[in-house]
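Participant: Dock the two chains into a complex; use the hints.
From first to last, the protein sequence lines stand for chains F and A. Sequential numbering of the first sequence, starting at 1, is according to the numbering used here. Sequential numbering of the second sequence, starting at 1001, is according to the numbering used here.
Just so you know, the hints here were simulated from the structure itself, not pulled from any lab data. Some hints could be false.
For each label pair, taking beta carbons as the anchor points, the in silico distance ranges come out as [claimed, not checked]:
#1 A:T1075 with F:L134: 40 to 50 Å
#2 F:T36 with A:A1218: 35 to 45 Å
#3 A:T1075 with F:I25: 23 to 33 Å
#4 A:L1164 with F:I25: 19 to 29 Å
#5 F:F46 with A:T1043: 50 to 60 Å
#6 F:A230 with A:A1166: 20 to 30 Å
#7 F:P215 with A:P1267: 25 to 35 Å
#8 A:Y1058 with F:D170: 17 to 27 Å
#9 F:V256 with A:L1164: 33 to 43 Å
#10 F:L134 with A:L1042: 23 to 33 Å
#11 F:A230 with A:W1226: 49 to 59 Å
#12 F:L169 with A:R1230: 53 to 63 Å
Not everything, but these chain A residues come out facing chain F in the computed CB check (under 8 Å) [said to hold, decoys possible]:
#13 P1038
#14 L1056
#15 A1145
#16 G1158
#17 L1234
#18 R1238
#19 L1285
#20 V1302
Capping the alpha-carbon separation at 25 Å, the derived lysine to any residue pairs in SDA-like fashion look like this [said to hold, decoys possible]:
#21 F:K97 with A:G1037
#22 F:K97 with A:W1129
#23 F:K97 with A:A1114
#24 F:K97 with A:F1060
From the three backbone atoms N, C-alpha and C, an ideal C-beta is built for every residue, glycine too.
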Amino acid sequence: MGRTVRNVFVAGCVAFWLIPLYLLIVNALTPATGYTGEPDWTPQGFAIFDNIKTAWSDAGIGDSFLSSALYAVVCGAAAVLVAAMAAFAVVVLPIPKPAFWFWLIYSGTLFPLQMFLAPLFGMYADGNLYDTRLGLMLVYVAWAVPFAFFLVRNQMTTMPPEVTEAAMLDGASFLRIFWRIHVPLMAPTLGAAFIFQFTAVWNDLILGITLSRSPDVQPVMAALSTLSNAYASSGPPVILAGALIVSLPTLLVFLVFRGLFLRGVTATARS
Amino acid sequence: MTDMVTTAKPVRTRRRIPTRTPHQAVHHASVAGRRGGPLASLTWALPALLFVGVLLVYPFFRSVYGSFFEDNGFTSRFTGLDNYTRLAEDPVFGRSLLNTVMWVAGTLLLPVVAGLAIAVATFRMRLGWLAQLVIVLPYAISGAATAVLWKFMLTSDGAVNEVLRAIGLDGLATSWLLEWPQNTISMIIASTWQAAGLNVVLFTIGLRAIPREITEAAELDGATGWRMFRHITLPQLRAMTVVVVGMAIVNSLKAFDMIWILTQGGPSRSSETLALTMYRETFRLFHVGYGSAIALVLSVIVVASSWVYLRRQMPEATGSQ
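In isolation and in its complexed conformation, chain A is listed as follows (with noise of 0.2 Å):
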């Protein structure tokens, strides 16, 4: 859910960022003397500028600057780009990328088709809110404390293997989070049941948003089942598939706190992703600057994968910088 907050993006209003009309008060020149000028007005958003500037935005350019240092937590010393070459050879960043990249496709596979697969079977159907209910509970509940339910599913003794050797299939039962790639990949399920509900809420949102003539018209003229689906209802969802895909994969880019707990990106290392390599690199390797330029690297990937996402989102905005 924190990831949320840092993902879900503008919304698409026909107006521009105002620029000074319609909204903005008008600059008469009376006025300015009693209500203040351009300065007074920045006051008001001057709080908001000093928690971002001093505390987001400083640490930002203090980050990529840092990475052209090697940097102990004690002394540093400058070394132009040889972090990010050392990257290149580094055999646990390419572990890291590997699984950054696993975490992407399955999120995408996963709660993406899974939430939109739910949303169509519970839509309209009777008792399908409680269903829907029920799959929306766990994305209330924290990362953290879904990654506690999950060790407690997942381990060498947990449920999984115990349903596993009831039902027969002594072959299946696993230690889940003790190789790659299960661990990763059972990481993916645990986040799916977590993250679904809301994938499945919006697509439903999409859904009640096609006009009822459409399908109406669609059935007239015979389409039901697969054919309805295929040609007339994904379509329809087009505009909030975006949506959902742009969440899913800056979602999965910077998932940490499931990670963190079910495994530490153990065993030696081999769970890890980016946003895990950091931060095992900075705060326990005290490799400052190395750390530095992965995050750099994972800031790199999240824009650069939400930048499509934010352009269509936002065409206005960015035309008008």
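Here chain F stands alone, though its shape is the one from the complex (with noise of 0.2 Å):
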């Protein structure tokens, strides 16, 4: 009987969770100009490429699709590069207070984003930052920085002493052994946190529609928000294509990466 159960269970979850993305990928299927107001359960034509090129071109995604790819990969690996040095630096050199230097950096993931948002609006605007790319970009490198610290400081502390005393006898400079030692030894978890600010940056919709405002500066969730808002005149074919079309690239990478993916969330876990 436990078994019966058991199998009823995990198929009724599997298909709760598959029936919208089937609808997802069904509906963007359906031409626009065919949409009949009720969804379609069975494919309704081939139109996906059509509804995908109108919510790329004249919806605004693609602009947006591009800012946030450079967004993502940009001020993912700068987040990271910062972090490690941060962390090179309360791990390994003599600074004085370690801890403290810590909780600063890392207080910084502790807040709900809207302690943060009024006043940088009001920075932003002042320091003519306000819809720039380049103050987007400032802020999603602050933002992902105290996470990517935390994870390659975890890691770090596990690395024997001994690799860098050695190192030091043998007269190598902290630079020296910062890029020869500590950062191939901690690749895979720089990567991790690479691919977990990449998904982080390329997901996100709140600074993007508070710091930013005309459309090629846009990250792409917003310009997602904006057309998801203008509900009647784009029809759902069209909306469909374009959130499919945004999570393609966070899907490929949780796909591909799965293991250093989850492995940024899960670090977390073991114990």
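Facilitator: Structure, rendered in structure tokens:
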């Protein structure tokens, strides 16, 4: 009896999880003009490329897609580098009061973003950074640093200190020790942190809608939100095609780097 | 997923946050000359400190300070604790607080319990990994895209109502997003669809860590099914449960993207949570000081609820402060 119940339960869950995904694909296939106002349950054509094209150019997802690609790659990489240097300082270098610096940087991830938004908006308006790519990139790096720092620091404390000591005895400078020993040995963790922050920046909505407005600056989730609010005028097939295309990069990253990706999350859970 | 960044918590290591030994370079005078002293070391952390200090820490204190002012974006006037006393009388804030509590309770009830059930059911099951992959897949989709998809499911002529009408349950078909409390509840279900997969993965890691001998010994003693789960599996998963519950609480407190796209907190602000109320007050109604007060209340709740969990995760670190 137990086995049957279990199989039915799992099958039910899989169905609950698959049906929305199925509807997403099927309705993104429907030609925009052929949509009846009610969701389709069977494919009604193969207009997915037309729908994606409409979302991409007419609804401005395309511009934002490219902007977000820039933000996610550059800010993810910059944040990981900055975080790795800070972790190196806190774990390896003779810095005074390392615990204080650790908490100062780490505290950035503790609070909800709402706590920073209003002053950031004011600062950006005063500093002419509002609605600029540079402004968004700066805040994305700052937002991504604390957690990347946390991941890298935790991994760095598990490295045997003898490695550093031996290199120091051989007369290597800290710069050399960092690039030749810590960075190569920490490569998987740095990769995990990058993938994690890439995804976080790509998926950001709230910073995007708060600190930018024009279509060529807005990140992709903000553009999707705008498209979704124009529900009636665009029609569901185009909107769903938009949702599909903005999800592709993170889905691909997830499927290809599943191990590294989950490592970022689960690093916290192994004790 | 973005929420995860800010909520995943420290690894429990036996090492303390390094003070000087054993990790830190010993600071010999001769070495210091060539490699630089403490100040030179600080330059390594400088970029991180600049980014975090200017764009996160300073705005944080600016928000705290701003919450004592009545500020419409152009003029501001010191009003002391007025913003906080106004909170107590504001019915919108009351509803928002209630919705936030619903989100926390609903997230504990649905994604956590469902995640545990699915993890246990698919563990060592044939094709169980495939079921897990399907369920974890939405976790790779952003909150915004998930919300767009579920808007399509939940609108009045959406897929959910279509199904209900097709199977003859016309009475149950309702405007899911237009009335409280079903708008909050349906959004919690939508976020379950997205977030439960992560909990499945975490609980599966926990299940794999249970020593074979323990389950075998219990089997020899005749424990099966529910008894096995209740007396062996569940206690063994305790550590992981703390992690999952901690993350779930903090993530549900920070939920924004999903609600913003599905209802924008409406209709007539009935589905707002604290995160939404802060955003609307600050950036739509230009009650900047009032919004900052809400942000501070939300922050206090977030930090307080993760405190127990943080302390467990980093006992030495908090002790050495």
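Participant: Hints first: check each against the structure and report whether it holds.
Facilitator: Each hint, compared with the structure:
1. A:T1075 with F:L134: 40 to 50 Å: 30 Å, violated
2. F:T36 with A:A1218: 35 to 45 Å: 56 Å, violated
3. A:T1075 with F:I25: 23 to 33 Å: 52 Å, violated
4. A:L1164 with F:I25: 19 to 29 Å: Holds - the Cβ-Cβ distance for L1164 of chain A and I25 of chain F, about 22 Å, lies within 19 to 29 Å.
5. F:F46 with A:T1043: 50 to 60 Å: 58 Å, holds
6. F:A230 with A:A1166: 20 to 30 Å: Since the Cβ atoms of A230 of chain F and A1166 of chain A sit about 29 Å apart, the hinted range of 20 to 30 Å holds.
7. F:P215 with A:P1267: 25 to 35 Å: Holds, at about 28 Å.
8. A:Y1058 with F:D170: 17 to 27 Å: Violated: the Cβ-Cβ distance is about 42 Å, outside 17 to 27 Å.
9. F:V256 with A:L1164: 33 to 43 Å: This hint holds: roughly 38 Å between Cβ atoms.
10. F:L134 with A:L1042: 23 to 33 Å: At roughly 26 Å between Cβ atoms, L1042 of chain A and L134 of chain F fall inside 23 to 33 Å, so the hint holds.
11. F:A230 with A:W1226: 49 to 59 Å: 51 Å, holds
12. F:L169 with A:R1230: 53 to 63 Å: 56 Å, holds
13. P1038: 5 Å, holds
14. L1056: Holds: closest Cβ of chain F sits about 4 Å from L1056 of chain A, inside 8 Å.
15. A1145: 4 Å, holds
16. G1158: 6 Å, holds
17. L1234: It is violated, given that the least Cβ distance between L1234 of chain A and chain F is near 17 Å, above 8 Å.
18. R1238: 11 Å, violated
19. L1285: Violated - the Cβ of L1285 of chain A stays beyond 8 Å from chain F, reaching only about 12 Å at its closest.
20. V1302: 6 Å, holds
21. F:K97 with A:G1037: With a Cα-Cα distance of about 14 Å, the restraint between K97 of chain F and G1037 of chain A holds, given a limit of 25 Å.
22. F:K97 with A:W1129: The hint is violated at about 46 Å.
23. F:K97 with A:A1114: 43 Å, violated
24. F:K97 with A:F1060: Holds, at roughly 23 Å.
In the structure shown, a violation is registered for the earlier hints numbered 1, 2, 3, 8, 17, 18, 19, 22, 23, in ascending order.
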